[in-house]
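Asker: Keeping their order, the protein sequence lines are chains A and B. For the first sequence, counting from 1, position 64 maps to 64 in UniProt numbering; every step adds exactly one. For the second sequence, counting from 1, position 40 maps to 40 in UniProt numbering; every step adds exactly one.
Calculated from the structure, these hints are not laboratory results. Any given hint could be a false lead.
[As the list claims (entries may be wrong)] With the Cβ distance kept under 7 Å, some of the chain A side facing chain B (calculated, not the full set):
hint	residue
1	N52
2	I53
3	T54
4	L56
The C-beta atom is built at its ideal place from N, Cα and C for all residues, glycine as well.
Protein chains: 2
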Amino acid sequence: MRNINDRDKVLKIIGNNIRSIRTCLNLSQEELAFKSGLHRTYIGAVERGEKNITILNLIKIANALEVRVQDLLDLDKEEDK
Amino acid sequence: MRNINDRDKVLKIIGNNIRSIRTCLNLSQEELAFKSGLHRTYIGAVERGEKNITILNLIKIANALEVRVQDLLDLDKEEDK
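This is chain A alone, in the form it adopts within the complex (with noise of 0.2 Å):
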């Protein structure tokens, strides 16, 4: 990553692949939150691209929405503008 907007454009794809999963699967924030072991709150941050997600939180979410986490990582698709 070369600079800032990098860093807030990484989240945001990131908050992006986690959302459209979990709205395929048709799971609220709070089904994914529950599911997870993780705030409701902090689903959506890191959906919106405002949190530096530790990578053991990536995993809780991968496993709670049937993915790898690599799946999340797909840093190649266009943040929503």
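With chain A's structure known, arrange chain B on it following the hints.
Answerer: Below, chain B alone, put in the same frame as chain A:
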């Protein structure tokens, strides 16, 4: 992750993935620290599985090793005994 030793196991596997790629590239921890913009002692702790690393730091390490961050997250490998 079901319980605490999963947590330690995951961090150790990620640390081993980083170390094996770094040594394949004949990079010292010092050189990886310089290339990633992180401290050498932090790199050592990550490689020992002692750090619940954030995704942005993991991406910095992946960039420095010139691999995709997904490549550091192959959790199917056995941790070194």
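Asker: With reference to the structure, classify each hint as holding or not holding.
Answerer: Hint check results:
1. Checking N52 (chain A) against chain B: minimum C-beta separation of about 5 Å stays under 7 Å; hint holds.
2. Contact between I53 (chain A) and chain B, as hinted, is supported at the beta carbon level, the nearest pair being about 5 Å apart and thus within 7 Å.
3. Taking 7 Å as the C-beta cut-off, the interface hint given for T54 (chain A) holds, the closest approach to chain B being about 5 Å.
4. With 7 Å as the threshold, the beta carbon of L56 (chain A) comes within range of chain B, its nearest partner Cβ sitting at about 5 Å, so the hint holds.
Taken one by one, the earlier hints all hold for this structure without exception.
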